[in-house]
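Visitor: For reference, each letter of the sequence shown is one residue, going 2 to 399 in this note's numbering.
Rather than coming from a laboratory, the hints here were simulated on the basis of the structure.
Be careful, since some hints might not be right.
[Claimed, not checked] With a straight-line cut-off of 30 Å between C-alpha atoms, the simulated DSSO-like cross-links for lysine-lysine are: (1) Lys-243 <-> Lys-200; (2) Lys-200 <-> Lys-119; (3) Lys-238 <-> Lys-200; (4) Lys-238 <-> Lys-119; (5) Lys-243 <-> Lys-260; (6) Lys-119 <-> Lys-260; (7) Lys-200 <-> Lys-260.
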Amino acid sequence: MTLLIWFCAVALVVHLSSIILVLVWRSTRHEEPLPSRPPAVTIVRPVCGLENNLETTLQSTFRLDWPDYEIIFCVATANDPAIAIVRRCMASHPHIPARLLVGDDRISVNPKLNNVIKGWRSARYDWIVLADSNVLMPEDYIRQLFARWLPGTGAVCSPPIGSAPEGFAAELECAWLNGFQARWQLLADAIGLGFAQGKTMLLNRQIMARAGGFERLGEEVAEDAATTGLIRGLGLKVRLVKQPFPQPLGRRDLASVWKRQLRWARLRRASFPLYFVPELIAGAALPLAALTALVATGTCSPLSALLYLVAWYGGETLLNRSFGWHTGLLGLPATVARDIALPVLWIAAWFGNGFVWRGNAMTVASDETTETPPAKARLRRVMDKTRERAKTLTVFRN
2 MTLLIWFCAV ALVVHLSSII LVLVWRSTRH EEPLPSRPPA VTIVRPVCGL
52 ENNLETTLQS TFRLDWPDYE IIFCVATAND PAIAIVRRCM ASHPHIPARL
102 LVGDDRISVN PKLNNVIKGW RSARYDWIVL ADSNVLMPED YIRQLFARWL
152 PGTGAVCSPP IGSAPEGFAA ELECAWLNGF QARWQLLADA IGLGFAQGKT
202 MLLNRQIMAR AGGFERLGEE VAEDAATTGL IRGLGLKVRL VKQPFPQPLG
252 RRDLASVWKR QLRWARLRRA SFPLYFVPEL IAGAALPLAA LTALVATGTC
302 SPLSALLYLV AWYGGETLLN RSFGWHTGLL GLPATVARDI ALPVLWIAAW
352 FGNGFVWRGN AMTVASDETT ETPPAKARLR RVMDKTRERA KTLTVFRN
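Turn these sequences into a full structure, and let the hints steer you where they fit.
Guide: See the structure below:
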């Protein structure tokens, strides 16, 4: 029982410390002043199918407070229903330079990368922002990105922040995106280990050329994981914006939320196994199970257990409110449901490599997996990736 008490105590300290560090990071993080002549920027937005609030998010691209920028919308197929929305947005803002490029260049197994490569190659400017179609851009979007381009930076990114949820499933996705994923990504940046996030990435063409070219992002299934490795390989840092950008969710269903989280979990497991392993104990599920055992044996009083949970979820609520992230009546039950599901998600991520992204069947398995028993191949891949990331981390810190 003493071991369980210590486990609960350490888990709470780690949880609250992560929140405190992120809040301190937000209040003290240095921002670079904008140059007197801000550089021209190309914004590349891949579009694939109809999404909740698509027209709202695409329209936001045309309302940015930046003197000189162009927009390139990329669509893979000519029969995509989103094309009509893109054309409508362009027609309503004729004063903003914007183009629509249609076509699919098969440079990798990543459909998104195959879609955006034509935008990258067609960009007029060396400063290029890759932004998913479901990102809602505030007016100071580009300013926030450049404010974090400090000396030694190779990319500036933003994790998605769930907003405007409708229904419990969307609230659950908010809890996953905000209090869990965004918090840990911001914490990583706070300690100098920022990870790229594909929702928004500010890149520089010259830096990417030094890394071997934009096409090298196809070396990983996920372009953000590849970006992290390439930028760190140059001895540069990936940084995050101080106020991550929202993604209006609208209505969701539980099945799609689970599939999306499982896809991301498998990508994290494949790309960053060293950091994925501790996710098993990142939520409140295991401390809650330990508390239940302590209360059942009389080692801990119900009141103490209640105060523990108040401290745990109160800390996350404080984080959400400090950043202005969504908090609603369903927020707490959704957060508890997320924590209960986290160990299940972690286990499921190890048993399988496949997932479907916008109708495209994909896998995180390497070619050798087809020639080696799955369990053995997966273990070998994890060990190889861990060694590779450990070497990169050593070089990065030196």
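Visitor: When the structure is checked against the list of hints, which entries are broken? Sort them ascending.
Guide: Going through the list in order, the structure violates no hint and respects every one.
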